Amino acid sequence: MINDKLPKIWYGGDYNPEQWEPEVWAEDDRLFRLAGIDVATINVFSWAMIQPDEHTYDFSALDETMDRLYRNGIYVCLATGTGAHPAWMARRYPEVTRVDAKGRKRKFGGRHNSNPNSAVYRTFSSRLAGKLAERYKDHPALVAWHVSNEYGGYDYSEQSEAAFREWLKARYGTLDALNRAWNTRFWGHTFYDWEEIVLPSELTEEWNGSRTNFQGISLDYRRFMSHSLLECYRLEYDAIREHSKDVPITTNLMGFYKELDYFEWAKYLDVVSWDNYPSLDTPVSFTAMTHDLMRGLKSGQPFMLMEQTPSQQNWQKYNSLKRPGVMRLWSYQAVARGADTVLFFQLRRSVGACEKFHGAVIEHAGHEHTRVFRECAELGRELQLLGGELLDARSAAKVAILFDWENRWALELSSGPTVALNYVNEVHKYYDALFAQHIEVDMVGAEEDLTRYEIVIAPVLYMVKPGFAARAEAFVQAGGTFVTTFFSGIVDEHDLVTLGGYPGPLRPLLGIWAEEIDALLPGMSNQIVMEREWKKLSGSYECGILCDLIHTENAETLARYGSDFYQGMPALTVNRFGEGKAYYIASSPNADFLQGFLGNLCADKDIEPLVQAPQGIEAARRIKNGTPYLFLLNHTGGELTTEIGSAGIHDLLTGEEVTGTVRVPAKGVRILKG
Amino acid sequence: MINDKLPKIWYGGDYNPEQWEPEVWAEDDRLFRLAGIDVATINVFSWAMIQPDEHTYDFSALDETMDRLYRNGIYVCLATGTGAHPAWMARRYPEVTRVDAKGRKRKFGGRHNSNPNSAVYRTFSSRLAGKLAERYKDHPALVAWHVSNEYGGYDYSEQSEAAFREWLKARYGTLDALNRAWNTRFWGHTFYDWEEIVLPSELTEEWNGSRTNFQGISLDYRRFMSHSLLECYRLEYDAIREHSKDVPITTNLMGFYKELDYFEWAKYLDVVSWDNYPSLDTPVSFTAMTHDLMRGLKSGQPFMLMEQTPSQQNWQKYNSLKRPGVMRLWSYQAVARGADTVLFFQLRRSVGACEKFHGAVIEHAGHEHTRVFRECAELGRELQLLGGELLDARSAAKVAILFDWENRWALELSSGPTVALNYVNEVHKYYDALFAQHIEVDMVGAEEDLTRYEIVIAPVLYMVKPGFAARAEAFVQAGGTFVTTFFSGIVDEHDLVTLGGYPGPLRPLLGIWAEEIDALLPGMSNQIVMEREWKKLSGSYECGILCDLIHTENAETLARYGSDFYQGMPALTVNRFGEGKAYYIASSPNADFLQGFLGNLCADKDIEPLVQAPQGIEAARRIKNGTPYLFLLNHTGGELTTEIGSAGIHDLLTGEEVTGTVRVPAKGVRILKG
Amino acid sequence: MINDKLPKIWYGGDYNPEQWEPEVWAEDDRLFRLAGIDVATINVFSWAMIQPDEHTYDFSALDETMDRLYRNGIYVCLATGTGAHPAWMARRYPEVTRVDAKGRKRKFGGRHNSNPNSAVYRTFSSRLAGKLAERYKDHPALVAWHVSNEYGGYDYSEQSEAAFREWLKARYGTLDALNRAWNTRFWGHTFYDWEEIVLPSELTEEWNGSRTNFQGISLDYRRFMSHSLLECYRLEYDAIREHSKDVPITTNLMGFYKELDYFEWAKYLDVVSWDNYPSLDTPVSFTAMTHDLMRGLKSGQPFMLMEQTPSQQNWQKYNSLKRPGVMRLWSYQAVARGADTVLFFQLRRSVGACEKFHGAVIEHAGHEHTRVFRECAELGRELQLLGGELLDARSAAKVAILFDWENRWALELSSGPTVALNYVNEVHKYYDALFAQHIEVDMVGAEEDLTRYEIVIAPVLYMVKPGFAARAEAFVQAGGTFVTTFFSGIVDEHDLVTLGGYPGPLRPLLGIWAEEIDALLPGMSNQIVMEREWKKLSGSYECGILCDLIHTENAETLARYGSDFYQGMPALTVNRFGEGKAYYIASSPNADFLQGFLGNLCADKDIEPLVQAPQGIEAARRIKNGTPYLFLLNHTGGELTTEIGSAGIHDLLTGEEVTGTVRVPAKGVRILKG
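Which chain is which? The protein sequence lines are A, B and C, in order.
Sequential numbering of the first sequence, starting at 1, is according to the UniProt record's numbering.
Sequential numbering of the second sequence, starting at 1, is according to the UniProt record's numbering.
Sequential numbering of the third sequence, starting at 1, is according to the UniProt record's numbering.
I should point out that these hints are in silico values taken from the structure, not numbers from a laboratory.
Everything numeric in this text was worked out from a predicted model, so none of it was measured.
Be aware that one or more of the hints could be misleading.
Which copy is meant is left open, because identical chains are indistinguishable; a pair holds if it fits in one copy or across any two.
Said to hold, decoys possible - Simulated crosslink set (DSSO-like; lysine-lysine; CA at most 30 Å straight-line):
hint, residue 1, residue 2
1, 465, 267
2, 258, 105
3, 267, 398
4, 317, 465
5, 673, 317
6, 429, 605
7, 5, 673
8, 8, 624
9, 169, 624
10, 298, 605
11, 8, 267
12, 258, 5
13, 169, 605
14, 102, 298
15, 267, 536
16, 245, 8
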């Protein structure tokens, strides 16, 4: 439980009373009550208000808000306010603003504009966090700390350059080691002095955001930047912890956000929280996968849904409204996949600046007589009825999909073999094939304990980090099923190729080697032709993007390419290794293949679907003290039904016993207990 | 009349004898005479020639040109020459060049490169204007002053930053007022000192040209920049007026040019002039609308067509030739819509640099035996025959369409709800629907006196400035018909939302409120379904981009949405208000709907089409001393005919009496008097 | 012969032993031997290794490599290593790095980053070249010098600005001459002091890479930059020659690379060498044309194929594998068109940085048991068998196509008439029409002696440089056939229009003048309609992009436009001039027209195809001491046949006599001698 002060699914969201005149506050109180809101995230952007100059701290407005909220039965997720530094600070200490990747010194403006390696910024931000913790640590409204906001973006200042050199010294010890790791003999880039190293930017090695001449330095800079921002977070964390010993601390993450290694970050978060902003055309399974990833950051621990919009966004190209029922449906999707909170950005729509067209519980009309408010209030009532029953419930997936930020960076930085390869999309193809069959999945990091799973899938595991191959081998040795694909096992953590034949360290496990990698032009495809019928798989399936030209060593060939000069070479292989099996998929297959293939693997392992249900139903399950809670979410516009066999099952939302045919209304939700 | 020295439609254009050797001038004289040219715009880019260094002014070449032209019967529109500053000035006073939106200090080059807030630039440019006025104020050739050239572009220098702060102080008085207006509590951007304010650029709040974090500061910067450039113009204007008391002063505008608020500028122009550069695929009605806008800048006062090309442009992607007859046709289009001059850029094609492939009366061949020259000379003869008859004639439109630059800026700066919304395109949809029915329109600004009109249409009036709602109410109260659309009445002049329900201040007038605004994805559409047949309207019409979800208060619902979850909600409403009616169109409809709808409104007000004519005929009318002049312009490649009922009508170009069926040849023009 | 030490087609490529541990070298030796490799290009990026600081030069590793290679029977193409400067140099002398076109000072990184006008860079680079020459001039392995690597890119530093002013003073003598050449009276850009001139960049006159306000300065800057880089090359050349008197010196060019005038460069290369990187979808005729251009740089002298990939590239969007046989096929394509070497980039794939996915003879697997190695080794054996027989053989084309870099720059810098015009594409259309008919072509520069040819084709000869028109006239006078097209003869070498009627200086020769130039919108086309059947031409052919509206003077009209207002005006003309004919094609025709037209011209001149062969066969011929070698290259996936009439012909690769039907296998090669 995040905080036992409030033993239910928290409901509420971002609240910015400082943007409003006091007469509005009373109306806020009334409307929050009507909507069943019990948590407000406050102070996210209040730095300039609390600290109007270098030497003054004024907590009076915040005191008032904390007290008022508490009086009205609302708990507080208290932000440290460092999401954007004050204008006076940028003027007095220019070093606090960033330099961008184009080498341009930024001036005051926006957010994500604080130089993470500015000593001034670090001092001021952690000092503020400490003062807040000292003041509010015992406030009865306080239930969680929210450090800064949506950390992100990179910096290219001289402060970061100097810090980068120090980070490199610590990492490599000697320039020789660094020169080897970056292969600087290529293009004669050998460094003879640490001071010769300049950070990689458009002025040095990079262009177009993810193109680089030297993968080594660019990869390290991403690690370093993720680390620099994490240090800023940790400084605030420590400053809070000095005073506030027990209240959980988090910062809101952003799903598959590219620039930060969230598996590294999660180690320092008491609870993961994140902001979920799908658009009208985001695949439902993509949102599901993202929730599962956020749950996986801390090995299955429930997380906070920190932000979602009640109605529409402002920053998408086309900000469609959430259709009736969809806000509730997507809220339960989060809960089904591990969220113990349902929080919005925002409670009241702002009157000006760039987020004024972002949805809110209280819209510009200002009253409760809106569709959005009614839907929010209905969900608020429902969550009050649900109480704490689902809190802390966990998934019990036997299938894991591996996702790794460093692998992603390395893949995106790669020059060749193809620009068509998108790591997140490839991972999603595998997730979606399982999702469509209602099979539970955990999204796991490269350091996760694999022994909890029956099947581990590692799509496009281009970079194999130290120790992983041995752990994968042990997993399979003991009976596990391991799956990986084309363009895997290519490089080590420095992006240096493992020589001697791809997939390098995974070669013994997979029993194959890849001689060449063909990149297909747009419009080109090949086929995966099954050697023989294998349960759900038979005949031929389209594949594309890349085709590894592989040779089996110990592995058995299950399918072969159907065309081009490598027609007849293996396209799908399996290697028996100890008690388990390791599969290699040599190209990027279509959905039909993946559903059949993964269905077969699950059948082999007696992994059952959560439910037999038609397309359009999403199924997910949480388990608490042995009791399963099966979520059925209907994402379509018409009622759907499914059969459940067992007796003694109740619908948690209606209380009624359910048996035989379960009807799930359009955009509806059933939570079946038992 | 612009200047009674030359009481006819002026004919000529830009002339740059300084680019040529003297032996060419005699040939110019001969060819101008052949072409019937009587006005030359000179000295547009002569600053470097007249002022070769800081202390020297040399007018000898200009003296010679003025005298020569006058001797040859050609009057002069005399430019102040400040369209581009000299190279020596940029070298000696680097402050005169601009800093761009990316923060880059520009060096010498191009035009639109003078820092409008450079004291040096202001001093030198107004001094030059003054010296020219002093010298030539009584020259017999002089008929108009032409200040600088096509003012445009923004500057991001420190001089502009300092001036911006002063402008803000004058506008807001206190930082509290400014902080409120910009809603700086959002993202903690509160300013405690004027010096903390930095101008909005890619280094602060903006990106991609029209994206911003803070609409308030970005909107004010556009106002400030338009104002800064206008100040430069006014300094030259005042310097001229000190000596030259009566000769009209103008600067050439550019139609719907985005960066300057031409309604504000027009207050300081004695006569509006503009440069008309449609391409082969520009809709004819778009050019017509632009002429009408230029006429509307000074409430209907005739304007100068300052530039058009006789044949082709150079700066378009595909610079097609004007087909035979088109130059004449488009010249009369300008005249039909209020132009009292027909001027070209340029009289002789330049031999080098970026405009050498821009058309001219005298092409590179250098003689009169070209199609282009022949067409120019024919028009010259015709305009001599026309004499002064049409001068000062006015339109008598009863329908006005409102266009407002500040609304446009605010819409383009908006973050959400959709990138598909383009203000000028939306305005054009309404214009085009009236144009297709040969109904006269005035394009008017937000400050225009509405009582002159029967119908006022204000598409997407997102920003409602102080006083406008009351004037609109008074207009309708007195019997007027007012039309506005989705996404109107949202914000005030600071881009702060008018709370309590859209369309804010227009809500009483329209009798509806809008609860939500749905943005449609590309390819999506909805339908406007008529409640019942209403004259030209019945059944269902496609609509898209945005759909307001509105509720009627006092209004009557004329049509409803045909699909999606808001099927059945009002899509078209009318509110009886006093003696008049106010319509709200909740989405962006197709052309069929708009023609029917606007046709109905005109029928209700007994506003007749100028003529019953087929598509392809453009009709326009000017009236002078009670005599109407009906222009019929055939934009098609075949002859078209139309019927006119009344007797006593003459064709002004042929002199013949016209009755019954009027034939308009392909690309032809008729001007029917009486 | 490039160097008679190795009297055969050289076989090998780039080799970077410094990137590898010594234990790998022995394996390199073994594998090179297996592959039949006899030349290694080394030291290309070794500057930082050889010169670890300002005062130290360490040749020990290079000594070892040279000796080892020689011991193993491998000759060395020795690079000067200045392809990228060391990091210490960039730190100690910031002037050595470039400033980019956006005005941004670059820091250390990448290659193409040395400021060509930095005195420090020039001193250090030529000093290194001299030291290498002094040390290795008599090394028995040395067969060629390779200066720097793939010179390219422009610089915008203050050093280049100062050097540009000096270059301009030398070119123009006086500012008056410069002001005239650049037509600076346009937009009042007159310079009164040399110091006022700033180099053209995004901060002054240019934008989007090839857009400019002043063609004159932008064109001169391209000349100056090509010249500056050439000066750097020549400083190294001279430093080498001081010691090494006879060994040929080259630098590797890049085909149609835009930024350098290779005809100017070739004057200073002892032998042309170039890097050939077609992709899977590059038209075969485009690669052929590029080889022919490289051969034409030194008037037909055989060239070095310095780089090609054995398998795939890394820097294309989709890096497809070379299909089986294609590496051999394309190697012989180079030889067929004048290459006397077949060299790869690279011999061993690098382990890290951006080229690790670039193909190599020794792939990451590290052994010889790969398809790529096997194909390389087979070709190695074949080239050993071929020996020196083909060396120094020449083409004997009677048709020349003119290509001129200055014309290309001017065309790309032109503002108008259309963005659709691409010079290289237009040239390729003509080349392809001849290629498809197996007619030999030489690609020649504007200074080439035309009298060697029967037919000279100069597509889109926009810029006619001094003396060319007279030489073209003399060529036709003497019986030659000259062809040019729309948008030719427009400007002189300063991009100043030749007044009086296009095509200016070519007008007497062509007997026509062009009055107007129409640019077609995308999707628009016109037709070339033959007046009467003329051999292979009859009826109507599509044309587009630009349409010149021309009038015949002395010329005869062979075809007319089929539509638009210029229907019936001449579209194809011929002018009898002395003993020859000059043709003008007024628009850009389709391939059918061009094949017919050029076929007709060849027939008129009794120029026979090399062979009657089906599409898919490429034919090329080299002649040595009167003996012809006919290459037949089958680019398709199936066997093709062709008939040869004469007797006494042998296949050089198989030794067998060939008569009657010649079979060319899929992707196969025949070299027919006799």
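Comparing the hints with the structure gives:
With identical chains, the CA atoms of residue 465 and residue 267 are at most 30 Å apart within one copy only, with a shortest distance of 19 Å there and 53 Å across copies. Taking the closest pair of Cα atoms, residue 258 and residue 105 come within 30 Å of each other both inside a single copy (23 Å) and across two copies (28 Å). For the homomeric pair residue 267 and residue 398, the shortest alpha-carbon distance inside one copy (23 Å) is at most 30 Å, but the shortest distance between copies (71 Å) is not. Taking the shortest Cα distances, residue 317 and residue 465 sit within 30 Å of each other only across copies (27 Å), while inside one copy they are farther apart (38 Å).
When the C-alpha separation of residue 673 and residue 317 is checked against a cutoff of 30 Å, the pair qualifies neither within a copy, at 40 Å, nor between copies, at 52 Å. Proximity of residue 429 and residue 605 under a CA criterion of 30 Å is satisfied intra-copy only: 21 Å inside one chain copy versus 61 Å between copies. For the identical chains of this complex, residue 5 and residue 673 are intra-copy neighbours only, at 25 Å inside a copy versus 87 Å across copies, given an alpha-carbon limit of 30 Å. Taking identical chains as interchangeable, the C-alpha atoms of residue 8 and residue 624 lie at most 30 Å apart only when both belong to the same chain, with a minimum of 14 Å there against 79 Å between chains.
Taking the shortest alpha-carbon separations for residue 169 and residue 624, neither the intra-copy value of 47 Å nor the inter-copy value of 62 Å comes in at or below 30 Å. Taking identical chains as interchangeable, the C-alpha atoms of residue 298 and residue 605 lie at most 30 Å apart only when both belong to the same chain, with a minimum of 26 Å there against 70 Å between chains. For the identical chains of this complex, residue 8 and residue 267 are intra-copy neighbours only, at 25 Å inside a copy versus 64 Å across copies, given an alpha-carbon limit of 30 Å. Proximity of residue 258 and residue 5 under a CA criterion of 30 Å is satisfied in neither setting, with 35 Å inside one chain copy and 56 Å between copies.
Taking identical chains as interchangeable, the C-alpha atoms of residue 169 and residue 605 are never at most 30 Å apart, the minima being 47 Å within one chain and 73 Å between chains. Within a single copy, residue 102 and residue 298 get their C-alpha atoms no closer than 35 Å, and across copies no closer than 42 Å, so neither meets the 30 Å cut-off. For a Cα distance limit of 30 Å, the shortest separation of residue 267 from residue 536 qualifies neither inside one copy, at 40 Å, nor across copies, at 68 Å. Taking the closest pair of Cα atoms, residue 245 and residue 8 come within 30 Å of each other only inside a single copy of the chain (22 Å); across copies the shortest separation is 81 Å, beyond that limit.
In terms of the numbered hints stated before, the structure departs from hints 5, 9, 12, 13, 14, 15, listed from lowest to highest.
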